[in-house]
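Protein sequences, first through last, are from chains L and F. So the first sequence is numbered by this note's numbering: it starts at 12 and just counts up by one. So the second sequence is numbered by this note's numbering: it starts at 283 and just counts up by one.
Worth double-checking, as some hints may not be accurate.
Covered stretches of chain L (in silico footprint by chain F; criterion: 3 or more residues with CB under 8 angstroms from a CB of chain F, positions within the stretch not fixed) [stated by the list, open to error]: (1) 85-92; (2) 136-148; (3) 431-442.
Listed next, the in silico SDA-like pairs over lysine to any residue satisfying Cα-Cα at most 20 angstroms (straight line) [stated by the list, open to error]: (4) L:Lys-245 / L:Thr-414; (5) F:Lys-295 / L:Val-112; (6) F:Lys-334 / L:Ile-440; (7) L:Lys-71 / F:Met-397; (8) L:Lys-445 / F:Val-336; (9) L:Lys-447 / F:Asn-549; (10) L:Lys-445 / F:Asn-551; (11) L:Lys-122 / F:Ser-324; (12) L:Lys-447 / F:Asn-551; (13) L:Lys-79 / L:His-92; (14) L:Lys-250 / L:Pro-197; (15) L:Lys-13 / F:Asn-325; (16) L:Lys-122 / F:Val-336; (17) F:Lys-334 / L:Met-446; (18) L:Lys-447 / F:Val-336; (19) F:Lys-334 / L:Ile-442; (20) F:Lys-334 / L:Val-112; (21) L:Lys-447 / F:Asn-301; (22) L:Lys-71 / F:Glu-400; (23) L:Lys-245 / L:Asp-482; (24) F:Lys-295 / L:Gly-142; (25) L:Lys-445 / F:Lys-295; (26) L:Lys-122 / F:Asn-325; (27) L:Lys-71 / F:Ser-552; (28) L:Lys-445 / F:Ser-332; (29) F:Lys-334 / L:Met-441; (30) L:Lys-171 / F:Asn-551; (31) L:Lys-447 / F:Pro-315; (32) L:Lys-400 / L:Ile-264; (33) L:Lys-71 / F:Ile-587; (34) F:Lys-337 / L:Val-112; (35) F:Lys-337 / L:Gly-142; (36) L:Lys-447 / F:Glu-297; (37) F:Lys-601 / F:Phe-591; (38) L:Lys-71 / F:Val-517; (39) L:Lys-71 / F:Asn-551; (40) L:Lys-241 / F:Asn-325.
Since the hints were derived computationally from the structure, they do not count as laboratory data. None of the values given here were measured: they were computed from a predicted structure. Quick reminder that beta carbons are idealized off the backbone N, C-alpha and C, glycines included.
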Amino acid sequence: MKVGFEIHIQLNTTEKLFCSCSPQASDTGFFTFYRRLRASPSELGEVDPAAAFEMEKGQKITYVAGNKTSCLVEADEEPPHEPNPEAIKSAIKIANIFGSVIVDEIHFMRKIVVDGSNPSGFQRTAIVGLGGSFTHRGKSVGLTTICLEEDAARLEKKEKEGPVYSLDRQGVPLLEITTEPLELSPGDAESLARNIGRTLKLTGLFARGLGTIRQDVNLSMEGHGVVEVKGVQKLEQIKKVMEFEEKRQGWLIEVAKRLRERGITEEEIDSLSPVDVTDELLRSSSGKVRDLVNRGRAFGVRAPGFESLIGSEPIPDARLGLDLADLCRLFGIGGIIHSDEIGKYGLESDIISSLRSKLGLKESDGFLIAIAGEDQFARCFPYLKERLKAALSGPIAETRAATAKGTTRFMRPRPGASRMYPETDVPTIMISSKMKEEYRLSIKSWDEMVNDYAKRYSLPRQLAEQVLDSDFAGWFDEVLQKHKVQPSVVASLVAQVLSSLENQQAINLGEFERLIDAWEKGLVSKEAVIDIARQMAEKGMGFDQAVGSLNVKPLSVEELRSIIKEKLEELKGEGFSEGRLYGALMGRVMEVARGRIDGKVVNEEVKKAIEEAKRSQS
Amino acid sequence: MEGLNLKPGDRVKIEVNGNIISGTVMPRSAYEPPDAITLKLSNGYNIGVSLKGVKVLEVEEGGLNIPIEEGEGAEEIGNGPRVLILGTGGTIASRIDYRTGAVRPALSAKRLVEMIPELPNHATISVKTLMNELSENMRPAYWKQMALTVANAFMSGYEAVIIAHGTDTMHYTSAALSFALDGLPGPVVLVGSQRSSDRPSSDAYSNLLGAVLFSTKAKLSGVYVAMHGSTSDDVIAIHSGVRVRKLHTSRRDAFRSVNSRPVAHVNVNSLEVKAEATGEEKEGKLSVYPEFDDSAFLLKFYPGIRDSFIDAIVKEGVKAMILEGTGLGHVGRYVFERLNRFIKMGGFVGMTSQCIWGSVNMNVYETGRDLLSLGIVPLGDMLSEVALVKAMWGLGNGFDLHEIMPKNLRGELRERREVEA
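With the rest of the complex left out, here is chain F (with noise of 0.2 angstroms):
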């Protein structure tokens, strides 16, 4: 494109093989070949056109006007309790700008109301942009912020605060935030979307409305993921923060509560809320731990796992290291000594299931009796990631995992699994 001197924005004039075409010259993506054009045509359509042969007629210097999105300033619009909706990025939050490839925060109270209608019916809303990062990109010192911003809002007399959020890593923030909020006096709902919302099958809105009806109805404190119950624009299932998981790439119905059913089910066609089971009901003050160490280490256990990988974790300055084992919680003999090594010099060790549904029970196989004597934390049916974050958040706070690692702390690790779950 350089050597022609075109430039985005462009409307050019040219000629291939004797055939004239007219269009707009497209900004293209770093992965497509620089010898050539994107041309979009004046019926929409998008072309690439071969810089080879071309020759250039006209062209005309335009220049994109990309438009702009009207800011999320302070404003509240609707009606009945106060709920505060921060964006923090992902497919939910923001809008992919096509032309130049560039994602950019898209949330405003303005563009909310204006997709969802039915909103300012149920609560008064106001919008914060807080970061704009897609989930793989999130870390703990993300979570931090979110945590503070969070206690402030409950401080400054929201009612409720909904987080829009990337969904792949989305269960690990919903952790994150239960463990670091204690005794909140509300709902803190993140919420995400599988389908994008510039797309008209999107199911960003009901998912939002769902959280919003959820934090508004139920009366429930804790924190929760709000995402589609099934395939279908139905019903939105409220997941318990600490219970729910992402189990499949692409469905709108990917995250799952797991050992347990949802909290609350939310009708977006009749706006009814049932809640299932009654949520952590804090009574107390806020109190607010929002430090994460990131020297806890997550390792899944596979056959023929080199034991001198271990002791490499162990020479980066791991503390704790959270195991996902092999059904009721097993590794191989062959990295007993490795791990033996690791709790002698002062290490946590805490044994989860690859399985994903089920509890661990090391009491019923020999392995799971050798281990315990080697001195590793059986963590009941606390999934993997969550186990991690808790450990991450131990470290952080200056608290001691052998204490509480094994204790439940925000329904994380329950006794129970009922037969239908």
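Next comes chain L alone, as it looks inside the complex (with noise of 0.2 angstroms):
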């Protein structure tokens, strides 16, 4: 399988790409308001696939503008002011860094984009350089483009209406570096990812913290169509995605093999037309498809060929039956049955004969059966004709996301070169040959940059390296600024606790931040730091929350010396020898007081503690 990355960097400029806006600030005073977008013919005359996909949704897309970081440019009110000559500068020195052809003059382009994710309905790019390489594990790995872009509007919530954006992250300029369809082993792949990421943390020119980089993963099968994989958040699952794909790809395979021997032909799929099966299914008894198709009318299509096809999967979740749902679901269809897994619905067995017989089923056909309203399915269907037939061909060019665990779910179709136009609100840019030999950085190496950032904070070389790796290493930098604590502890909070969610967008930083804080004011005890990050994260906890529910709250002298008083007696009562009785008094004090006050302090004073019982028994 070959895989190609596209990795997505944000510049730390102190302006956006297009207007004046910070792309740091916080913000107060947000005004929101909402629109459709249509998906319109470039200048070839075709309209986009995957803009065509996403217009046939018919959303209302709102959005939230924030006064400091966002203005009429972002909102779509304002024609785009010249390009950030910072961000441009930028863009040069990296693409000299990789050896890259430097454009002569940057044209940016309206890249069509029609899920709401930019308010213009496109993204401006522009290709700085082309070619160059980057040497990986003794491998030259070649590069296509590196392109400049506008960083999208950043998701906040997905309403039934529509999805919901915030307008902060619109705009911020954006590094794209894409590298060439290499065949590569997923271990290899990850650590490619990895190793380009650290090159460009070494250059100082980008951004640092959640969600500063990304990467799509484009992943391929010899003579099958590109599958691009978005939303790819941490680079450790770059491997189970790609396992993922493998399996998933070469199960489709096997499904267009499997049709063509059963004799299923384009023209077949393009004949099917959908039948109203509501009467049928309301005869049922069972409750599970009532419930079901009250919710709107019954279509059934035939599904010539797929009679187990639909619903068998070689991994979990691979299977094309779900595929065929969430194609359904973004048209906000979401009650489908299959042939496959009609018997989970305890349909009557006369019932589905009639079923067959109404949808003229023949041997080895399969079917589906969707819940929807009349004008939605009508919307649908085209799409899900156009899925199975391509099922006939193997896996097929599209968008799909990457899930948490490390699966992919069907997105939209791939977008073609039809989407991109120029865009003509922007001057082209001209780079001298001044420019292009000026604009260069020398960099550290990795090494180097590790060892400074052990030294700089005392750390252990691998725990520097784990918190450079992070997304909080600028979050690390700036804590420390702010609090006499010591590192490595920040370090392991970064190393164990953060890095390791799942879910990174959902950290509040502010909150661990108090923590630290507490810390510093002795309010908490060093060792309880990482418990209590724990819990913040595990159980998605604010600060005050964890502590009450870890029962940390931190012991004064007095009450661990009543504690160990009322340990020892228990002891006493269950006679320990007198050389076993430290131990176990350590331990059993332990047990209540870890984490609430120092170990040094518990030490000595049980200790004292133990002499004192001596002395007064003799």
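From the two separate chains plus the hints, produce the assembled complex.
This is how it looks when you write it as structure tokens:
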């Protein structure tokens, strides 16, 4: 399987790419508005398939605009200003690092994106460098392009009517580095992505923090379309996603083979039309079926030759049925029943046979039933048919979303070159040979950077590397500047707690800083910091809630002494020999005092208590 | 490009510093340096390559296949009242050809219905391209052409006419048509867009849908402008053609009714039409007064204006001068004498305010009273652009400006201004 990466990383410029808004400001004063986007034909008169698909969903898109982080430009109410020269300079420096051919003129393009993530309905993007290479494990990996583009709006939530986006991220300058597709093992692919990311971090030209670096993974089997997997948040996911896709795409090739063997043709699928089977299903006494059918009409479609091919899967969640259901879900159709899982619904056998005859099913045919409104299904049906037809040729070019589990789910058809047309509002930018020569960087090696970092914070080398590899290095620096605390504890918090979380977007770093602050002020012991952090991360708790739930209220020495006294009495009753008393007492006391007072103090007090007990005995 | 003899559309393979690049040669604008070429790569991106040191390895002549828009034809699509959509140019009615940079009319009933699938449920649509002018290139002769076409359309059985127009001067055209067409039997709705129709976020389609819904449901006759009522794709505001002005360079809701509220609001999602005020319903026969005389002048007064400038304008044969005075309708004492001289020669001088909102009142300050005594005519809350167009129209059709200018003909002059407007 061939793998290629599109690595997106935000530049740390002081202004956005096409306006003077600050990318980092914390915002107050929000304004909400909404839009509907339409797919329009490109300069070549073609409508991009991905755009048409998104438009058919007919969604209401809501935008939330903060006053500091967005202006009329982000809201698509004012033409873009001239591109940020600082961003162009950085892009040229990066292109030079990889030895790319820098273009003589930058022409910004509009890349049609109709899912609402850009209020204009397109993303502005330009090629700055062509070609170039990156050395990975002694091999040279070719780059195809280095593009400078505007980041998209940030999805806040999905509501029933459509998505809600925040405009704060919209327009932040983003560099996109695309590698050539390569035959790589999943492990090799992961380390390639990591090493490119590390090289980019070495330049110091990029923003640090959550979501500032993201990668799309393009995966393809010989002779088949490229599957673009979006939303791979963590490098560790790459391996799982590749393994999943290899099995999924392999299965689709098998499905295509079997359909051909069964003599299915594209023409046969083209001629399919839906049949209303609502009345058949309403005859059923199965509660499950009746609940479903009450939500709309039931439209049945014959799936020629698909018997047993819709529900089978080589690994969990790689079945065709899930793709078909996801497709319907994108049109707002929640209920879908297919022939391979009809058993789940407790449908009577006479109803099944009347369904089969009404749908005109032949041997080895399957079927799909969608519960939907009539208009809703009419919009979805052509896509459903296309998807069934595509099964005849195996894996097809499409855009999929990575899940936290490392599987992928269908998102939309893959856009083509017809989605690009010139951004006529932005003038052509000339790049002189002098600029190409002057805009260069000399960067340290990764090892040097890690060693320097380890030295600066007195951290073990491995821990320093973990912090630098994470999305939290910026936060780490900031916290240590503000709080006089032991860096290795904060580093462990980053490496052991924050980095290992699945959903890093949900982390509230402000709460973790409160924890550090409490520790600095002595309200929480050093030993408890990691435990509290873990509680916060795993249970999604705030600092106060986590402290309350963990019984980590700091102990005074007096309280400690009374605990020791109590435990000592217990042990006496159990008849411990003098030699084993110290160890046993420490254990019992630490059960209660761990993390609530310095371990050294416990040690001293326990010793003191034993001495005293001896003295009083003698 | 000539040196290497490459033409737009050629597929080329070139070598730049040892790197091979393939692409299609694209046309360049006159403002881009001639010693470079624009290449479209197979991934759709364009790049610019300087011809210095470029080696052309392969050229395959291509020629550009510019897609041909379906012709407008005489086709009518849909059900319901017959509505004529007239294309006059501007962002809404044209498409930029990104390869040649040329602007081409791109209005066809088929295309419109494709883009606005709801349209045929509300009206029977036909489309005619009348002209293809950016709005800054509009002139009184075009207003006349539009007025005559609209009149013809009503006489041949159309129930409403929608005019797709560039936005910059749309409010001048709406004023011109308001005066030129008296006793209109149905609505004439001008509609524009602030984002071109080739963008997914274009406001063109919802504005057009709003215009169609209004013209078929509201049962109001007269000339109107239909544009976004806010930044959201939600409510389209319908403004009176003589009370509206473009008040923002780029926002979707750039058009605002001044000194009054919009005549109606159309929700393009719920398809509801809410008329907030009654229009100027005219019973009787349609009369057309299509002439405009461009010897009227709109003068914005500013501190320090040289009085000899006024002489120069007068010398050019101006017959009517609309002043955009300060505040309640004032100009500096140092131009009194020249204005007086112009009026004595038989010229007409009307006063409007550069404040945009509010009415002139020349009784409050002494300057105002002085100006009145010179014979300057106060024009109330009439917008200065509307006053200019009205003066051109009055001159063109032989009306006495002293009689018609201070009189309300189409709702352009009102005595009442509500607190909330």
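Going through the hints against the structure:
no.: 1; hint: 85-92; in the structure: holds (count 5)
no.: 2; hint: 136-148; in the structure: holds (count 5)
no.: 3; hint: 431-442; in the structure: holds (count 7)
no.: 4; hint: L:Lys-245 / L:Thr-414; in the structure: holds (11 angstroms)
no.: 5; hint: F:Lys-295 / L:Val-112; in the structure: holds (15 angstroms)
no.: 6; hint: F:Lys-334 / L:Ile-440; in the structure: holds (17 angstroms)
no.: 7; hint: L:Lys-71 / F:Met-397; in the structure: holds (17 angstroms)
no.: 8; hint: L:Lys-445 / F:Val-336; in the structure: holds (18 angstroms)
no.: 9; hint: L:Lys-447 / F:Asn-549; in the structure: violated (53 angstroms)
no.: 10; hint: L:Lys-445 / F:Asn-551; in the structure: violated (54 angstroms)
no.: 11; hint: L:Lys-122 / F:Ser-324; in the structure: holds (14 angstroms)
no.: 12; hint: L:Lys-447 / F:Asn-551; in the structure: violated (51 angstroms)
no.: 13; hint: L:Lys-79 / L:His-92; in the structure: holds (17 angstroms)
no.: 14; hint: L:Lys-250 / L:Pro-197; in the structure: holds (5 angstroms)
no.: 15; hint: L:Lys-13 / F:Asn-325; in the structure: holds (19 angstroms)
no.: 16; hint: L:Lys-122 / F:Val-336; in the structure: violated (28 angstroms)
no.: 17; hint: F:Lys-334 / L:Met-446; in the structure: holds (16 angstroms)
no.: 18; hint: L:Lys-447 / F:Val-336; in the structure: holds (17 angstroms)
no.: 19; hint: F:Lys-334 / L:Ile-442; in the structure: holds (13 angstroms)
no.: 20; hint: F:Lys-334 / L:Val-112; in the structure: holds (14 angstroms)
no.: 21; hint: L:Lys-447 / F:Asn-301; in the structure: holds (16 angstroms)
no.: 22; hint: L:Lys-71 / F:Glu-400; in the structure: holds (16 angstroms)
no.: 23; hint: L:Lys-245 / L:Asp-482; in the structure: holds (10 angstroms)
no.: 24; hint: F:Lys-295 / L:Gly-142; in the structure: holds (15 angstroms)
no.: 25; hint: L:Lys-445 / F:Lys-295; in the structure: violated (26 angstroms)
no.: 26; hint: L:Lys-122 / F:Asn-325; in the structure: holds (11 angstroms)
no.: 27; hint: L:Lys-71 / F:Ser-552; in the structure: holds (13 angstroms)
no.: 28; hint: L:Lys-445 / F:Ser-332; in the structure: holds (14 angstroms)
no.: 29; hint: F:Lys-334 / L:Met-441; in the structure: holds (14 angstroms)
no.: 30; hint: L:Lys-171 / F:Asn-551; in the structure: holds (16 angstroms)
no.: 31; hint: L:Lys-447 / F:Pro-315; in the structure: holds (19 angstroms)
no.: 32; hint: L:Lys-400 / L:Ile-264; in the structure: holds (13 angstroms)
no.: 33; hint: L:Lys-71 / F:Ile-587; in the structure: violated (52 angstroms)
no.: 34; hint: F:Lys-337 / L:Val-112; in the structure: holds (15 angstroms)
no.: 35; hint: F:Lys-337 / L:Gly-142; in the structure: holds (18 angstroms)
no.: 36; hint: L:Lys-447 / F:Glu-297; in the structure: holds (18 angstroms)
no.: 37; hint: F:Lys-601 / F:Phe-591; in the structure: holds (15 angstroms)
no.: 38; hint: L:Lys-71 / F:Val-517; in the structure: holds (14 angstroms)
no.: 39; hint: L:Lys-71 / F:Asn-551; in the structure: holds (10 angstroms)
no.: 40; hint: L:Lys-241 / F:Asn-325; in the structure: holds (19 angstroms)
Consistency with the previously given hints fails for numbers 9, 10, 12, 16, 25 and 33, ordered from lowest to highest.
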